[in-house]
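Visitor: Read off the chains here:
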Amino acid sequence: MSSDVRRAVPVIPAGVELAVDLGGLKMRNPVTDASGTFGCGEEYGDFIDLDALGALTAKGVSPAPWTGNAAPRICETPSGMLNCIGLQNPGMEYFCTHKLPWLASYGVPLIVNVVGHALSEYTTVIERLERETRVDAYEVNISCPNVDAGGMAMGTDPACAAAVTRACRALTSRPLIVKLTPNVTNVADIARAVEAAGADAVSLINTVQGMAIDAHRRRSRLSRPVAGLSGPAIKPIALRMVWQVSKAVGIPLLGMGGIVTGEDAVEFLLAGATAVSVGTANFMNPRATIDVISGIAAFCADEGVRDVNELIGGVQC
Amino acid sequence: MSSDVRRAVPVIPAGVELAVDLGGLKMRNPVTDASGTFGCGEEYGDFIDLDALGALTAKGVSPAPWTGNAAPRICETPSGMLNCIGLQNPGMEYFCTHKLPWLASYGVPLIVNVVGHALSEYTTVIERLERETRVDAYEVNISCPNVDAGGMAMGTDPACAAAVTRACRALTSRPLIVKLTPNVTNVADIARAVEAAGADAVSLINTVQGMAIDAHRRRSRLSRPVAGLSGPAIKPIALRMVWQVSKAVGIPLLGMGGIVTGEDAVEFLLAGATAVSVGTANFMNPRATIDVISGIAAFCADEGVRDVNELIGGVQC
Amino acid sequence: MDENPSDDPYVCEPLHGSHPRGDGTDRVPPALEDANVLSNEPVADDVWLMRLSAPRTAATARPGQFAHVRLSQERDSVLRVPLSFFAATPSEGTISLLYQVLGASTRLMSQMRRGEACDLIGPIGRGWLDRRAPAATIFEPRRAILVAGGLGVAPLATLAENLAATGCRVDVVVGARTTSRIAARERLETVCPDLSIATDDGSEGYHGLITHLVSERLATHVPEDPYDYCAICGPAPMEVAAAHLVQGTGIYAEVSTERLMACGVGACLSCVVPTTRGLVRSCVEGPVFSVEEVVWDEL
Amino acid sequence: MDENPSDDPYVCEPLHGSHPRGDGTDRVPPALEDANVLSNEPVADDVWLMRLSAPRTAATARPGQFAHVRLSQERDSVLRVPLSFFAATPSEGTISLLYQVLGASTRLMSQMRRGEACDLIGPIGRGWLDRRAPAATIFEPRRAILVAGGLGVAPLATLAENLAATGCRVDVVVGARTTSRIAARERLETVCPDLSIATDDGSEGYHGLITHLVSERLATHVPEDPYDYCAICGPAPMEVAAAHLVQGTGIYAEVSTERLMACGVGACLSCVVPTTRGLVRSCVEGPVFSVEEVVWDEL
Ligand SMILES: Cc1cc2nc3c(=O)[nH]c(=O)nc-3n(C[C@H](O)[C@H](O)[C@H](O)COP(=O)(O)OP(=O)(O)OC[C@H]3O[C@@H](n4cnc5c(N)ncnc54)[C@H](O)[C@@H]3O)c2cc1C
Ligand SMILES: Cc1cc2nc3c(=O)[nH]c(=O)nc-3n(C[C@H](O)[C@H](O)[C@H](O)COP(=O)(O)OP(=O)(O)OC[C@H]3O[C@@H](n4cnc5c(N)ncnc54)[C@H](O)[C@@H]3O)c2cc1C
Ligand SMILES: Cc1cc2nc3c(=O)[nH]c(=O)nc-3n(C[C@H](O)[C@H](O)[C@H](O)COP(=O)(O)O)c2cc1C
Ligand SMILES: Cc1cc2nc3c(=O)[nH]c(=O)nc-3n(C[C@H](O)[C@H](O)[C@H](O)COP(=O)(O)O)c2cc1C
Ligand code: FES
Ligand code: FES
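Protein chains in written order, with the working numbering: chain A, 22 to 338; chain B, 22 to 338; chain C, 26 to 324; chain D, 26 to 324.
Here chain A stands alone, though its shape is the one from the complex:
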């Protein structure tokens, strides 16, 4: 590390092939950032070479601006954190006019995370983004537990998840990734439903619903009672769901939840993910995405894996 202000780039031993295909999205390596933890990359561009990522995933974009929740919005928990940011974002127009032009100077494939309170909001965003050439793929977030959408998240019901997927699918031929919530009885059911509705890939897991209480003040530690748990604490849950979904569907998976190191990422690949997202780890280490790429590459070199695709789904159970 050292007091080095260079933008970090991964170390990839010669002869290791890292490129993967995530439902039509060509990635030079299997690593992207987890939506909402990385902005649109601007700030992390001070620490890493964004073009070294397999893809850049932007934070959630809604039709109109969303203010998000009041403070406090985060708190630390054992090996994890809770957040109730509430998908604060400036809306699709601002995204198209301010963020996309900034990204024009980078070549990294762009996945745009799409959020909405209703089916029509998702389609509004996708319709608008279809006019932009800088966008390479969509990640449809049907799972955010932080925003009241008049009840449970859409991603908790297979029919509802399928409806959103179908509506988005009709509007685009770009790779369509649907992001699943872990707060369900049977994640494989939801995955099958979105596969049947035309998704090219699924990403999982979004945050796990959790709560933190300040015993002395007898209040939630956050501005809302229920918030989203992320970080290493949830890695076992995420790995389990990736494995379950990989048995249930044929489309590729983008796995995430608590990934900090290259070895963590390899575990997700072995469980069945084609690519991985790094979220909370960016807060621990602003170069985490790059370190994960280097770590996967080093693992492959050490274990004699020539092509990272050999690892996908390779766990024996």
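None of these hints come from the bench; they were simulated from the model. Watch out, some of these pointers could steer you wrong.
As the list claims (entries may be wrong) - To give a feel for the contact side, a few chain C residues facing chain A, derived at Cβ under 10 Å: (1) Pro-54; (2) Glu-99; (3) Pro-251; (4) Glu-323.
Built from N, CA and C at the ideal position, the CB exists for glycine as well.
Given the coordinates of chain A, work out where chains B, C and D with the ligands should sit on it, guided by the hints.
Guide: Showing chains B, C and D with the ligands alone in chain A's frame:
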């Protein structure tokens, strides 16, 4: 601590009332052990005075002996652990003839955890235990994710959970606690179903389904792919579910999941639990149950809470 | 949709402008730097002072900015700790952090010994008087009042010295639980020999709230030589009260806001502060804001 | 249901009998003890030796038993580390642990310094030759072969000394990755000057598997003065192979099994070993088992 071989007893400041009523079960304080982490107390009797507990919860009892799963059965995860013990137990006859007599020399109220692969197995165990006077209450475990019961656990379906509850209810007038699984979309629905079916209390949460992979050996770290996550990592999930269920039902709750300190326990009481169970923390500290009782008492003394019942459900959200 | 960022209520680009890729900007971008503990000792009750070798940060840090410190490389430690620069000595390549042992992170910090390593992101955010910097004329206060509640003294000490060095007269008002908790007293007294002190327990100075002293100062300050600058840092309730006192007086007043921060670099929106421009990120837009732009009712 | 515990395939009471409440038993119950690090240093490659002050455990520990050590009081550290007694000196109140730096826990352990505290549960389990103790006659081996693979030497060193002290002739076979990895050589050589050594890299002794040396020893041992006892400790595959060699020879052979352990006191059933009596708890029923009772196919 020191090299003290005395059996630890809690420190309770004068004037602090700790007694609670858990659906008819009178507990001198709100603390019991979490089933499966404490045997029937025999081994922990070397470290603590078992009679100081609010209740003693025995490990799961089935009609016939269960062998459980192969090794490895546990592994550590960030701030938690996974287990796939698989409810190994010697069956109800052995329990009645060997464990209950040993417990006769203690006065602590006894909660027996009941497990089964089918409705009839639960009722078989309860019928047998009804003949034993040493038993004070039942905790019906409809939620164990480690044992294949021909599919998902009974606790994931409200109708099925209600059926088990109703069948057990018909056989006993002792306090009937139903233990819920967290691996569901809507835990409040399940809680309402078991309340309607006659449960006197619900306990939650059982372990969260998780997985751990050894990247180098490309295998699950445990003998089964899916195991149960427990410990501090899951505390935010457990607190959230206790809070959600406390809003949904009128019967008292036995809260658990990652409790290590008295302050953790107070958080559960504030979220709506009437009593708490200490599980994984026993492995960290064999006197954890006693330390939690002392910690709750110290909290009450410090905050001017005369009766611990004042804390129950006291969180402001 | 209005496309002017400063009119957009929900996202505010740094006033310095967003930084185009790769080339020069008007800000010093934060960097990740390995740091080594040079010394770490208690200076007042449970207040500690840590000196670290971190040359790049030391060379670029300005008063009111902060470092985002990772104390442990273990994966159970998820959040960094934001700490203001108490001092930065570019010639020696060192920074100093003044901190109070409050919870797990600061307890761990107090256990670190000389020679141990950590890493930090720095320098981050806008410091004192940074907000006016891009304007055509540079604002140089002539008479300032600094209000430090508890550890609020950390980011103010260097500001006091820097102001004094430009010939500004600096009054400092300090509030603390008790006299033994007052940290950095010598540094403040060099600039302002006549510290105003309030203690909660009356062990020194005024027995009561610091805001009482502030209102006294504001009421009695000489009209022909009025305060033109006020800097406030302390616990949130104190900041609210002090801001209330100074608002409408015509004094240019700034406040350093304390927020829980995840990324510390502007990416996660965990640290937002309600301002007249909407909810803006305290880490990169702050931590110093003008008192006028904060919407105090929503804080 | 059969009510005889030793016939019950799923739960086995300790052979010493379950301990009635409060009154005396034939076992020393484990206790929680605060321990202090007296020294901690590398002794061979990444093998370290830690000496701890822990008087109660030191006074009661027997060879083959172990301590369940909590290295950190932080809540992210959920599992204790089981470590065999490498030595116990009741007169000084100290125990020694010989350990290999493998993962997070042992790495943390190697960073502990003199004066630091930890706590441990000890002594736990049945050591060498404990299984025959309740029998009417006490078994005293006359000629023993001890088989130590890697860190398997830890629980065997004291056993070797104790056997030698009773007049038993002790042969020791040691396997290691490389010569610099062989720990505790001096202690072993005092008892058995003619150590049999196998190294994976051929840097000393036989170039290959330790089991080759074991079968050689067994094949050539003098019929009129045969081995009557064998103690095995090492990596699982080595234990399986060694057990295979010794089974059916009439030698009473014991093995120390390594299992992942949560509670370490018999409550959680995480550590079970397949035996002819069913799956039994290694922590309290073992870690030492007779080779005959382990069901090696299921291990
Ligand atoms: C820009 C900035 C500069 C700061 N500079 C200093 C400084 O120079 N010296 C210093 O001692 N502290 C400073 N702080 C506060 C410091 O970051 C927290 O006190 C510290 O993180 C507490 O960590 P902990 O784990 O020890 O305590 P925790 O257990 O995390 O918290 C203890 C208590 O403090 C509250 N708290 C923790 N962090 C913050 C925070 N960031 N904002 C508001 N409340 C918080 C918690 O809610 C809790 O009530 C600064 C904070 C910010 C945002
Ligand atoms: C009764 C008993 C006595 C022991 N005595 C010693 C001793 O004297 N010296 C010594 O160095 N080690 C001993 N061990 C093993 C020691 O407990 C583990 O090596 C240690 O816990 C590893 O912890 P870690 O966090 O450093 O490594 P981890 O990261 O937890 O593990 C590193 C590797 O070792 C394996 N492993 C970890 N713990 C165990 C275990 N308990 N059994 C089998 N495999 C394991 C893991 O699966 C992993 O592959 C003993 C184990 C038992 C059960
Ligand atoms: C602060 C924060 C903000 C997040 N915002 C979003 C978001 O806008 N859209 C989304 O789909 N997921 C969001 N997530 C979820 C992450 O993308 C990711 O699914 C989750 O955090 C698990 O990964 P991790 O453990 O690596 O963080 C957010 C997570 C965090 C911590
Ligand atoms: C090793 C182990 C065994 C368990 N066995 C049982 C069991 O037999 N019956 C049951 O209802 N729950 C069982 N549980 C779940 C616990 O009772 C408890 O619900 C869960 O561990 C969460 O609490 P904790 O985080 O405090 O451990 C077991 C948990 C562990 C860790
Ligand atoms: S801390 Fe992440 S945006 Fe400020
Ligand atoms: S480790 Fe718990 S029973 Fe052996």
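Visitor: Does each hint hold? Answer for all of them.
Guide: Here is what the structure says about each hint:
1. The beta carbon of C/Pro-54 comes within 4 Å of a beta carbon in chain A, closer than 10 Å, and the hint placing it at the interface holds.
2. Restraint check, C/Glu-99 versus chain A: the minimum CB separation of about 9 Å is within 10 Å; hint holds.
3. Interface hint at C/Pro-251: violated, since its Cβ lies 34 Å from the closest Cβ of chain A, which is beyond the 10 Å cut-off.
4. Look at C/Glu-323: its Cβ gets to within about 7 Å of chain A, closer than 10 Å, so that hint holds up.
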